[in-house]
Each structure stands twice: as structure tokens, then as C-alpha cells.
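Here is how the chains run, residue by residue.
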Amino acid sequence: MPPMQVNRLEKGGRVDRADAVNFTFNGRPLQGYVGDTLASALLANGVKVVARSFKYSRPRGVVGHGSEEPNAIVQVASGAATIPNLRATQVQIYEGLEAFSVGGWPSVDFDLMSVVGWFSRLMPPGFYYKTFMWPARLWLTYEHFIRKAAGLGQAPQLRDPDSYDKLNHHCDVLIVGAGPAGLSAALEAASAGARVIIADEQHEMGGSLLSGKASIGALSGQQWLQDSCEQLAAYGNVTVLPRSTVFGYYDHNFLAILERRNDHLVPQLRTGSRQRLHRVRARQVILATGAIERPLVFANNDVPGVMLASSVCTYLNRYGVAPGKKLLLFTANDNAYQCALDWHAAGRTVVAVVDSRAAPDGPKVNACRRAGIEVIAGHGVIDVKGKKAVNAAIVAPLNAEGTALTGSSRPLDCDLIACSGGWSPVVHLSSHNGVKPRWDSDAIGFLPGVSSQAECSVGAAAGSYTLLACLAEGAAAGASAAGKTGNGNGESGFVAPNTQEKTEHAPQALFLVPHSQRTSRAPKQFVDFQLDVTAASIELAAREGYESVEHVKRYTAMGFGTDQGKLGNINGIAILARALGQDIPSTGTTMFRPCYTPTTFGALAGRDVADLFDPERYTAMHRWHLEHGAQWENVGQWKRPWYFPQSGESLHQAVNRECLAVRSSVGLLDASTLGKIDIQGRDAAEFITRMYTNSYLKLAPGKCRYGLMLKEDGMIFDDGVTACISENHYLMHTTTGGAAGVLAWLELWHQTEWPHLEVYFTSVTDHWSTATISGPNARKVLAKVCDDIDLEGDQFKFLDWRECTVAGVKARVFRISFTGELSYEVNVPAHSGRHIWEALMAAGEEFAITPYGTETMHVLRAEKGFIIVGQDTDGSMTPQDMNMDWIVGKNKTFSFIGKRSLARSDSIREGRKQLVGLRTLDPLQVLPEGSQIVNDPAEAIPMAMQGHVTSSYYSANLKHSIALAVVKGGLGRMGDRVYCPLADGAVIEAEIVDSVFYDPTGERQNV
Amino acid sequence: MLQIKCPYCQELREEDEFSYGGEAHIERPANPEACSDEEWGAYLFFRKNPRGVHHEMWNHAAGCRRYFNVTRNTVTYEILESYPMGEKPAVLAAGPGERN
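Residue numbers (our numbering), protein chains in the order written: chain B, 1 to 1007; chain W, 1 to 100.
Bound-form chain W, shown alone (with noise of 0.2 Å):
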């Protein structure tokens, strides 16, 4: 079970308090009906799933009921830092095995 930093409540709490949100730094296109089905499906359906540095959402649902991102190592569950919404991730993916 994990054990995760919210940014907003600044405190170490159990996994039992929050959900998970998927990946992290998906843009809504801004104007999606000038989308290709091609370009839309991308957004819509196709989500990376890198072995090693994963850049996530997640929601303090029993807390603060916040959403914010994680960088979560999927081999090793290691979380390496979580920020609020709107920030950029300071740990990234470093071999070529792993997708940023």
C-alpha cells in the first residue's frame, strides 16, 4: 500500500485516501472538431505505460478532494514527488526503456 505526499494538504498520508486519476499532462485539444479521428483517438484512448518513471494523476478523495500529479517508478512503486495541478514534473524518465 502506498503512502503519498499531498501537495496541497503538505502531509504523508495512507493510499486508502486517495484515487487513482491516470496519467498526468493530458491536454484537451482546444478545438476538438478540428481533430482527425486520428488525432482524437489519440487523445481519447492511447495512454503510455513505461516501465520505470510515470507521471500520474491522483485525487485526495478522503482529504482535500484535490487532484494533483504524481512521478511514480512503476517497477519499484517508488513515488518521487507529487506537485499540484499546472506544474511541471521535476523528476523525468531517464533511459531509453522509459517514456517520458
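Okay, chain B solo, but in the shape it has when bound (with noise of 0.2 Å):
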């Protein structure tokens, strides 16, 4: 059997008696009712110690009701599907729910780590720099120790089960809250035709109008809340986005709204996606996102008992939960009033109200007076007695301003201290856009600053607290925004309903309350209850000497929280200011960022994960190599095949027999990933001069040209072999990476400074498929399955292409070679790649043709010293770095893009790092790919660094390692000895050599 729900009232709220829900915290079975959260039902269990805090370890109670909860931060459910870190107060309880406290060791209730508490004096602000900072290696120590300490939940360890979903929307008017200033702007906003979205981050809509007992006309508040509702639905113009909250408001009203869909589900009873991600471009945007009450900070404000005036009311109204028996109410102003009001009404003790003001008069104020409450006027709660819950409130008188302590203090009995500061509207949403709030002293709390998006801000968000007014500005607003998207003329038909509000008289601006001993003495008055943030701590920031509130916010962590400090900030920055001796408007707030309640990853990814989170390209031969074998290397979105071990085989033993058997006889590589680019028209020619270093204008149809293509900057961006076609038609090849940013990179010329060429360009990369035969038998294995050209070498020469039929399809055959060895680039319409691929492998088979992948090509061209672009050069490398001065063309007419630059003081400098080889002395060493290099290993650290190692392999070929590296003057250091110290503390020593290793003179090419 559960316990018996102590704190439940028997009747009352919007629970529902008759439909009991069993879950469990920290293992202990609890029962509470549909229509309960969490919070609300641990407070009707009368648990009241729902956590311990970050820093001290202190136990801590329910404090508020909504998102802005600082302390009832839970985990939920276990295993794949446990979630961290959500509010108690936003978790709606289902059958069989497990909730678990996130902080805590070994339990909330026994806490080791309060011994922490202890030593707090130990443990300032900015402790963790202070402290922990040095030495580094006992860094991973602390953070051990301070990740338990910390109490953040457990993020799961098992792959996310559920599914997530995103929605794109265009609306007309946006709507964010669902109180009765949003619910007023949206009746309009519908009525008058508008596309409307209305999102509430509470699993139903009404705001303020849930937690109270307010009537609007004739209606109950609640009645009409229904009736608007009703109204609402029954509109086709109309969402209703209840457990949405929307997160983050982004550039030109772009705002993203989280939709918990069946989180609140029996597991069993989940159907669909978990959550929802809405992207929503809305023309108008209203901000109805209510106010949060400002909690007061005095002493001990933190013992579980102390909470928001308007919660203790939320819990009464709305959950039938009196969260105590004897309450004591501490206000600033008159509108907490009706928390007492409320209190009373339920048949429970109002102990008193402690009102900090001298003389607080209002119709509330007095009503409470006729009911026989007592009202401690000029008073302040200083301290509050009690460790694990309130036992009783310290109250002392205050000066007039609230800032001293008139006379001695004296202890009133209670179990529950409701504390009130005035409000803080909700401004999170509009300082996402960089707006900064501005303050308003008259509202004593930041308002919505100017925003230049197409959104206004209405009701309690915008500083107007009244019912009235909040339906009045929401109607006007929905009225407004539906005429600005062409719905209706802009007019609020909203006729004020007959309602009698109370008035209210001026509250307060109280945001420390003072204590017998000075604030750095007192015990403990917490402003940020999340992050453990004191006065104290804040004042001793200001001390240290910041003065910029976003410094203090960082040495302090005050606002850090997953709260984001709604609750805290406001005070924080008061006792901030006056530290400082300035006022607030000049001390200003921090800014808000999204997203403005902690969102799940899984939402943000939706359905982009696995095997959808990339698109993967394939090539026409793809399943062949899958079916021998292959490994794969992933170039950009390519999987092209790495190697092809054979059984058993490592990497380097399989590389090391592709590599021989393509110079000693004949191997097969898929290339038809490189990037292609038909190029045609009339400028054609001078167009690819332009972008090269050499010049194309001469090149004849059937004729091939490599080119390095520069930046304007005259660093090498890409290369590849251009073929003319026909006149005025080209083939340029690109880096199987690059192909895209080149396309683009000749689009941006031709559009914008040279569009009076004609020319044009179009990716065919896609089109064809490329088998690349390389080896000495090369020409014996294309010669078996293409008879209809002359292959010999004197009429099919080195950087020729011919059209002509290979195994039965027409082809473009390039003679250009990666290798260094006889090569024929055979290129086919795509969908006959793996046809030509196999017959290829078929005419080879009496000469051995073995297939090879990446790495073998880049061993094959190493040897010949042959560059790869993003490899041997990283963006800082000219043509003339790279010992390629060769390749550019000194007497074009046209001065190509780059060629300024290489003619630049940086660019001719002696010492910049050049292309060349390296030779391990041991020649079984490899290099590793990136050592730093350095011409004296016992040269006192920080050593001078001479250049980089870029590629490195071994040669089976050459029976020795061999590496590419860039060096500082490298070129005029043939034969020198330089070091590479690796991080294991070894030295390789090698020697600088050319950066040609194999068959220097090209001869095995050209045959």
C-alpha cells in the first residue's frame, strides 16, 4: 500500500481523484493522481526533501512550479531510456513512472558529500580556478571528484530507443504562451483569419488562470479558460501546441519549438515519434510568456520549505496540495496577498504575513486583516530555522528602505515560508535576437527591450500584471499582428469583461534582506539556489574586483544553471549593483541565449542519425569491390575502396603486394570519383587560362594538360588534368574532394567579374565511371578489349585521349598516369562501370591484374613525388614551394588567378617551406605523417621547428621507407641530416633527399 497523501486537500484542484497514479522516487512507492506532476505529487506525499545542492551539498525542497524550478531536478525512468535533468515541476506522473534525484551520494535524505557544507568557507567563488587550475594532472582528480559532488544527472549510456521527428511551418501569427494574455491574442488573431500557432510548455493551456481563483465577467477564470479553448479548436486556422516549448527565437522570426509528444505516457501506450522539433517561420510573433515571481534572499532561504508565494498558490489551486500546515508569508508587495487569502480559504494556519513595507494598506493587504491574519508590517524574514524543512521563521524589523535592521528579531513557528519579490517577466525569448532588456523601475524587473523583428510583447511578459490587462493587450496584439499579414483591419473587438480587480499598491524593491551580521557573516542567503551562489559570494566578486555583470555571472556560475538563473538573475544583479555603488539600468543583465529550457539532443537530430546522417556516394562498381573484400576509405561523401586484402592479409601486406604487382605488372583502380567538369563555349580556353597556372588556349582536341589551380592569393587550392574535347569543349578534372568548392570557385568568377565570357560549366562527375589500368601491361590488357584505335605508343602517346569502344562501349580513354607507370584512364557512361570494371579484370587475368585501392595509389605516387593537394599542401603553399615552378606559365597574356601573389615579399622570401624527400637512416622506419622537424634533437625546448612531415609510407618497391615533407629552404638542403622527435620521446633521423624516388626521368610513363 502507498502512503496516504498527507498534504492532499479532500477537495479542490484539477486533479482527479478517482484516477490514482503509482510511481516510485528513489525507490520509495508514492501515489498521487492524473492531472499531478511530479512535484506536485511529492508535495502532496509531503516529501520534502527532493535534492541536494550542487556545491554544498544542502538539502533542498520544491520551490517553484514551472520551468523555473532551481532544486527538484530529476532523472526519469532507466536504462536506453532515462532522461536527466528535468524539473519535477514539468514531469506529468503516469502509471509506473521511476524518478530518481540527481544529486546526492549515497542519498538525498543521508548525503556524504554535505560534509562539504562544512568546509564551505573553503570554497569562494571562483574556487574552481582558484584551486583547481594547478597542477594540471590532478586536474582529472578534481574533476572526478567534483562531477560526483555536482549532482548532474546521468546521461544515457545505451543508444537512444525512441524516434524524433522535425516539422516545418509557416504560420501567420505565433503565439508563445497560453495564458490569458496569449489565449486572448490568439482568439483574435483566429477570428480575424490568421494562420495561427499557439504553443503552451505546460500540458495545458491557461497559464496564471490554472493556479488561481480569478473570474473574468461573469465567468470563473476557469470557465472561460474552457470556453476559449473550446472556441480555439473549433478554428481550421488554428494550432494548439500544448507540452511545447518553444526554445530558441532565431533570425528573421524563425523560432523552434520543442513538442514533448509521449513522455507523459505509460511507456506501453507510446506510439510514434517521442518528441517533435517544430521549425516554425512565423510573420508575427507575440510574446506572452507570463512572469516568474522573484524569490526574497534572506538567510537559510534555501531549507526545503521556503518557495514561491504564487507556487504554494499553484499547489493549493490547481493540485489540491497544502505543500505544509502553518504558513508564513513574506512579501514585498500586495499581490502575495492572495497566497494567505488562499491559504486561509483551504482551512490552514496563516502564521502571519511579514510585509517589508512600513504601511501596506491595499484592498488585499486588508481583506487579509478582516480575515483575522496578522500583518507584520516593516519586518523581514532574516533567518529561517530548520535543516531539512522549515521549523520556524526569524523576523526582524527593517529600516524604510529595506536595508537595516531596526530592533531585535524573534522566532515564529512554521512549516512553510511563502516568499514573494514582485515579478520578473519572462524576457529569455526576446534577448535571443540580441535584444538587451531595459529596466523598468516602476515594474522593478527588466522588460522586453526593442526588437527589430516583427514581434511585440504582451501581458505579464511586458510588465502588466493585471488580468485585464493582460487580455486586453493580448486582443489588441492578435488583432494587430493578424492586420499586419492581411487578416482583418487590425481592430480588437475585445470589450473589457465587468471584472473588479483589486487594486494594488506600490511594492517594494527588496532584493537582500539584511541580517544581523554583515552579509559576508550571515549565514548563508542564496540568490542562485541552482548553482549554490550567495550574496556573500556575489559581494566578495565585486570585491575581487569584477564590475561586469557577465564576469561575475562567470566567476560566480550565478545564472549557470539549467534554470539559466530565472529565478536568481534579477536579485543577483541588485546586490551586484549595489556592491558596486551604481544602480541597475547601469549595471545591466546578462544576456539570454537559447535554449531557454534544456532540449533533447535526439530532437535537434530528428531523423538526420545512423545511417541518414550523411548521404553516402557510391560508385558504379561499388558492389564488386564490396564483394571482394574491399576496405574503405571515406573521401568527402565517397567510400572508396582502401585496399583489398586478401585472406589474412594486414593493410600494409595487402599494399605492399598491390603496389608491386602494378610495377611489375598491371592493376586496376576505381577513379571515378575524381571531380569532373564539362566546360564549353566560345571563351572557353581563356577562361580555364585564366584559372590555371599554364595555358590551355593551344591545346589541341584529343590532347590532355595537368594544372594547378591557385587561390588569388597564390596558394596551390587544387589540380588535375584538363582534356580538350572538341574546340571549344574541355573536360577539367578536379581532387575527388575539391570537385564542388572548384565548381563554385569558377562560377564566382565567371558571375562576377568576367560574365561577357561565354562559358559554361556543368558537374558531370556522375557520369561516368573510371577504371584507371596502370602497370608495364597496361597496354596488353586494354588492347584485348579495345581494338578499334591504335594503342601504340607512338600513336597514343603520354597525355592523349582517344574516343573509341572498350569490352563493347563507347569510351574516353585518357592516357594520363598517377602511377608513373603506362596508364589509361578508362572512362564510360556510368551505369556500364562494373560491365567495364569486370571486363577489364577478365583481359587481365593472364597478367595478374590486381585490383588496388587508395593507399596503394598513394604509395605509387609518392614514389614519383607526384603532390596530393590538402595533403602536401595545406593552403600555404605556392607552386614554387612545392618545386613546381615548371607549371607556371611566365608569359600569358592574361595575368591568371594568383600569379600577383607569387610575386609578393611573403611569397619570394628565403625560408619558406619546400617540397622535398626524406630518408630514414633505418630504412624499415616510417615517419608518422605530421612530425615536426628539427635540425638539432638535443636543442633546448621550445625547439626550432624546420617543417613537417606530410606523406609517409614504405616502399616495397624500393625496399625502404619513403617521406614527402615540407622544410624551411629544403630545396638548398640536399643531403642534410634533420630529426623528427616523436611524443614517445624517440628521435628518427633522417636525411633530405629529392623528393622523386622512382624512375626520376619519367620513362616508364611515356613508353
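The set of hints was computed from the structure by calculation and includes no laboratory data.
All residues carry an ideal CB built from backbone N, CA and C; glycine is no exception.
One should not assume that every hint holds.
Under 7 Å between C-beta atoms, here's a sample of chain B residues computed to sit facing chain W [what the hints assert, rightly or not]:
id, residue
1, Y250
2, D251
3, H252
4, F254
5, D713
6, Q751
7, T752
8, E753
9, S895
10, R900
11, R904
12, S905
13, S907
Hints are included, so try docking the two chains, each in its own frame, into the full complex.
Written out as C-alpha cells, the structure is:
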């Protein structure tokens, strides 16, 4: 049997007492009702301690009733579906719910970590910076300790079993918040015909109407709410989103909403996606986000049983829960007196109302007096007695400003202290766009600043706290927003209901209640509950020289919690302002950033996970590679065969075999991924010549030419072979990874600088499949499947291309080589890729033709000293740095892109890094790529870096390791010894050699 | 996330479709070899970084693939106009704090 709900009232509230819900909290079975949040159900059961605090491990109870809750942070469910760091005030209970406190070890009731609290004098603000940053090697130990102490939830260890989705919307009017102002706006905008979305983070619409007993005209607030929701539901042009937090407001009225679709359901009943991310582009936005009550800062104000006055009202009126027996209300305004009136009406004892103002006399104050409630004016609660629950409030007289005590204190027995320092408008969303909130001394709060977006704030979010003002402002804004989108005339038909609201007298701005001891000596006066930031720590930060509120935030961690300081920030800023001897406007506020409340990664990722995270591109031969055991290398989005291991072969064994096979007989490479851009037009040759360092003006049909492409700063950007297909028609090859960037680069210059040149670019990478036959037997293999052209070396020379028929398919064959061997790149329409691949494999069988992958390609080209752009270059290398001055046209009439930069003083200075080869003294030792190169390994650290290794392999053909490197002045240092000190302390010695290790005269590719 | 009007497609589309092209209205010197290192460096490296009105290029990469110009306020991110290559902006910087 679950225990009695000791604090549940017999009647009242929006819970269904006929429908009990069983759940557990820290393993303890409890019962609540349908309609409860976890927080209301815990309070109903008399659970006072729900968490341990972040830094001092103090017992903490529920303070608020919504997304502002700083203490009641829980982990819900276990295993893969576990969700950390939820606010108990926002978790709807369901049958079988398991919830756990995130802090507290071994339990929240007996917490070993609370010994930290005894040493709290040793943990001032900036503690982490001051203590834990040194010695660095201990940081991991400290961090482990802090993490455990910090009480953060546990991230799920298993793969998320849930699915999430995204929905894009456009609407005329997006209304954030469905309290009286938001609902009023929605009704007006909807009736004008606008497409409306109204979102609220709670599971039912209504906002403050759910918590109170207000009436609207002849109707009760609850009845008005029900009628309004029914009206909205009847409109076809309104989307109502409950359990939906608008967590981010981005540029151009783009807002993101997290809808929790089935977290509140019994797991067996959950279907479809767990959460949905709504991406909304709204023509007009109405922010009706309400206000959050501001707590009062006094000593030990964190003892469980100190709550917001509006939260006490909410638990009483909405959930039928009285979280105590004897209430003491501490307020600086008239508004909170409603809490005492409601508590009294529920038949419970109000010990007293303690009001910091000298002579409160408003209608609500007098209503309390008439009800026999003692009002203690000009006093404050300065301290609290009790550890895990409030036993008494210590009350003392205050001066008129509320800054000092004027007499001695006395205890008042109570078990619940409701407090109210006024209201803080929820300005978070309006400030997401960089709009600074502005201080309003009448509202005693920050109000939304002026935005350049099509938005407005209404109701309590704009500092209007009366129900009538909320309704009126909402209606006016709803009509106006609809009108601006062409729906209706913008005029509101709102008629003020005949409602008498009690007027309220001026509140007092009370941000720190004085204590008999000065702040630094007084018991802890908490400003930010979640991160244990006290008034004393803010004053200390000011004393230590921090003046900017942004710096104080980072130094004290105020507002850094998952609640973003929704309760504490204003008090903290005011305390800082006073410590600095300035006013609040000149102190300013920190900026609020998305997300308003923590948002699951799953929702942001949506379906873009696992296989759908990023597209994969396959060549037409992909399946063959798969069937033949290829290991893969990712090149951009392409999957390329890395190597083809035979049974039991390691990477190096396979690559050595493939390398030897190509140089001794013949190999076959899938080169389909190479970028290909078809270039046509009267000025095509002129254009290409402007983009490359060499000239293409005289390149005849049937001929190919290798080119280097530079950025305008003279640095190598891409390289590749361009073929002249026919007059005014060229095919440009790019690197696999650079294809898209090169096309955009060509378009940029054509469209912005030379639109008068007639030239057209088309990406044809996917149109062709390319199989490269390479090796001394390449010609014999090709000859077996191609008989309509003469393949002899004097007829089909190196850097020629021919149109012919290969294995019955029309093909373009380019005689170009990246291995230094006799090579033919056979290009066929993409769909014939596998056919041509298999035909060439069959034709090569008698020569033991060997399929090879990118690794072998890399080794073979490095043996030849051919660079790979992006591996041997890094955006800071000129052609001269790569020892490729031979390809830079000196007499081109047009100053090609990058040419002028090659003459810049920095490009021609001595000591630039230049491409060289390295040979290790130990021929079997392979230098790690990226190794730094120094002249003297005995030099004191920091050593003078001479360059680094860019490519490094073992060459089976040469029987020693080879490396390419860039070394300062390297071309003038042939034969020098250099050293590569490694991370493990070893040093590898190497000799600078020419970057061409194999066949330096190029006889093999020219045969 | 911005919403950008492509002057060629004549449609307001999501920022996802576009890529940023840097400051607009930078002309390549007609005779680079005649430039001093300083002049060439100014063309190559130096860009405005105004607080306020900024003229910049965008490419409708996932659309018509064409470059065009946008006048954008770098503080509010408001886009004040889009116009084709080769045209001049209608909106110019106003205050002394804003450069054009």
C-alpha cells in the first residue's frame, strides 16, 4: 500500500481523485492522481527533501511550479530511455513512473557529500579557478570529485531507442504562452482569419488561470479558459501545441519549438515519435510568456519549505495540495497576499504575513486583516530555523529602505514560508536575438527591449500584471498581428469584461534582506539555488574587482545552471549593483541564449542519425568492391576502396602486394570519384587559362594537360588534368574532395568578374565511371578489349586521349598517369562501370591484374613525388614551394588567378617551407605523418621547427621507407640530416633527398 | 536562420539553400602586375567589418547557383535588399559609425 497523501486537500484542484497513479521516487512507492506533476505529487506525499545542492550538498525542496524550478531536478526512468535533469515541476506522472534525485550520495536524506558544506568557507566563488587549475595533472582527479559532488544527472549509456521528428511550419501569427494574454491574442488573431500557432510548455493551456480563482466577467477564470480552448479548437486555422516549449527565437522570426509528444504516457502506450522539433517561420510573433515570481534573499532561504508565494497558490488551487500546515508569508508587495487568503480559505493556519513595507494598506492587505490574519508590517524574515524542513522563521523590523535592521528579532513557528519579491517578466525569448532587456523601475524588473523583428510582448511578459491588462493587451496584439498579415483590419473587438480587480499599492524593491550580521558573516543567503551562489559570493566578486555583470556571472556561476537563473538573476544583479555603488540599469543584465529550457539532442538531430546522418556516395563498381572484400576509405561523401586484402592480409601486407603488382605487371583502380567538370563555350579556353597557372589556349582536341589552380593569394587550391574534347569543349578533372569547391570557384569568377566571357560549367562527375589500368602490361590488357584505335606508344602518346570502344562500350580513354607507370583511364557512361571493370579484370587475368585501392595509389604517387593537394599542401603553399615552378606560365597575356601574389614579398622570401623527400637512416622505419622536423634534437625546448612530414609510407618497390615533407629552405638542403622527435621521446633521423624517389626521368609512363 | 530573397528566382528562401560569398563590390585590379604589394594586399586581404549596413555576396547554391548581392544589417541581421550582380545597392550606410 502506498502511503497516504498527507498534504492532499479533500477537494479542489484540477486533479482526478478517482484516478490514482502509482510511481516511485528514489525507489520509494508513492501515489498521486491524474493531473499531478511529479512535484505536486511529492508535495502531496509530504516529501520535503527532493535534491542535494550543487556545491554545498544542502538539502533542497521544491521552490517553484514550472520551468523556473531550480532544485527539484530529477532523472526519470532507467536504462536506455532514461532522461536526466528534468524539472519535477514539469514532469507529468504516469503509472509506473520511476524518478530519482540527481544529486545526493548515497541518498538525498543522508548525504555524505554534505561534509563539503562544513568546509564551505574554503569554497569561495572562483574556487574552481583558484584551486583546481594547478597542478594540471590533478585536474582529472578533481574533476571526478566535482562531477560526483555536482549532482548532474546521468546521461544514458545505451543507444536512444526513441525516434524524433521535425516539422517545418509557416504561420501568420505565432503566440508563445497560453495564459490569459496569449489566449486572448489567439482568439483575436484566429477570428480575423490568420493562420495561428499557439504553444505552451504546460500540458494544458491557461497559464496563471490554472493556478488562481480569478473571474472574468460573469465567468470563473476556469470556465473562460474552457470556453476559449473550445473556441480555438473549433477554428481550422489554429494549431494548439501543449507540452511545447518555444526554446529558441532566431533571426527573421524563425522559432524552434520542442513538443514532448509522449513522455507523459505509460511506456506501453507510447507510439510514434517521442518528441517533435517544430521549426516555425512566423510572419508575426506575440510573446505572452508571463512572469516568474522573484524569491526573496535571506539567510537559509534554501531550507525545504521556503517556496514562491505563487507556487504555494498553484499547488493549493491547481493540484489540491497544501505543502505544509502553518504558513508564513513574506512579501514586499500586495499581490502575494492572495497566497495568504487562499491558504486561509483552504482552512489552514496562516501564522502571519510579514511585509517589508512600513504601512501596507491595499485592498488585499485589508482583506487579510479582516480575515483575522496578522500582518506584521515593516518587518522581514531574516533567517530560517530548520535543516531539512522549516521549523521557524526569524523575523525582525526593517528600516524603510529595507537595508538594515532596526530592532531585535523573534522566531515565529511555521513549516512553510511563502515569499514574494515581485515579478520578473520572462524576457528570455525576446533577448535571444541580441536585444538587451531594459530596466523598468516601476515594474521593478527587466522588460523586453525594442526588437527589429516583427514581434511584440504582451501581458506579464511586458510588465502588465493585472488580468484585465493581460486580456486587453493580448487582444490588441492578436488583432494587430493578424492585420499586418492581411487578416482583418487590425482592430480588436475586445470588450473589457465587467471584472472588479483589487487595486494594488506600490511594491517595494527588496533584493537582499539584511541580517544582524553583515552579509559576509551571515548564514548563507542564496541568490541562485541551483548553483549555490550566495549574496556574499557576489559581494566578494565585486570586492575582488569584478565589475561587469558578465564576468561576475562567470566567476560566481550565477545563472549558469540548467535554469539559466530564472529565479535568481535579478536579485543577483541588484546585489552586485549595490556592491558596486551603482544602479541596476548601469549594471545591466546578462544575455539569455537558447535554449529556454534544456532540449534533448535527439530532437535536434531528428531522423538525421546513423545511416541518414550524411549521404554516402557509391561508384557503379561499389558492389564489386564489396564482394571482393574491399576495406573503405571515406573521401568526402564517397566510399572508396582503401585496399583489397586477401585472406589473412594486414593493411601493409595488402598494400605491399598491390604496389609490387602495379609496377611489375598491371593493376586496376576505380577512379570514378575524381571530380569532372564539363566546360563549353566560345571563351572556354581563355577562361580555363585564367584559372590555371599554365595555358590551355593551344591545347588541341585529343590532348590533355595537367594544371595547378591557385587561390588569388597564390596558394595551391586544386590540381588536375584538363582534356580538350573538341573546339570550345573541355573536360576538367578536379581532386575528389575539391569538385564542388572548384565548380563554385569557376562560377564565382565567371559571374562576378568576367560575365562577358561565354562559358558554361556542368558537373559531370556522376556521369562517368572510370577504371584506371596502370602498369607495364596496361597496354596489353586494354588491347584485348579495345580494337578500334591504335594503342601503340607513337600513336597514342602520354597525355593524349582517344574516343574508342572498350568491351563494346563507347569510351573516352585518357593516357594520363598518377602512378608513373603506363596508364589508361577508361571512362564510360556511369551505368557501364561494373561491366567495364569486370571486362578489364577478365582481360587482365593472364597478367594477374590486381585491383588496388587508395592506399596503394598514395604510395605509388609518393614514390614519384606527385603531390596530393590538401595532404602535401595546406593552403599556404605556392607552386614554387612545391618545386613546381615549371608549370607556372611566365608569358601568359592575362594575369591568371594568383599570379600577382607569387611576386609578393612573402611569397619570394627566403626560408619558405619547400617540398622535399626524406629518407630515414633506418630503411624500415616509417616516419609518422605530421612529425615535426628539427635540426638538432638536443636543442632546448622550444626547438626551432623546420617543417613537418606531409606523406610517409613504406615502399615495397624501393624496399625502404619514403616520406615527403615541407622544410624551410629544403630545396637548398639536399643531403642534410634532420630529426623528427616523437611524442614518446624517440627521435628519428632522416636525410633530405629529392622528392622523386622512383623513375625520375619518367621513362615508364612515356613508353 | 535568415530568409533570403534570390533576385533571379524572385523567391524568399531559407538560408540553408545559400552559401555566403563575402563582401560585395570588390573589383579585381585590371592590371595586377601594376599594383604595389600594398595595393594588392588591400585588394586581397582587407575587408570591411561594419557595425550596420553591409553589402555582401550570396550564392543560391541549392537553387539557381547564381551569385547576387545582399544588403544586410550586421547588428540586427535584417536584410534590406537583394540585387543582381553588376547592380548598385539602393540602401547605403547612414551614420558615421557605419561604413559602406
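Item to check | Hints that the structure is at odds with (numbers, increasing) | outcome: Those not satisfied come down to hint 13.
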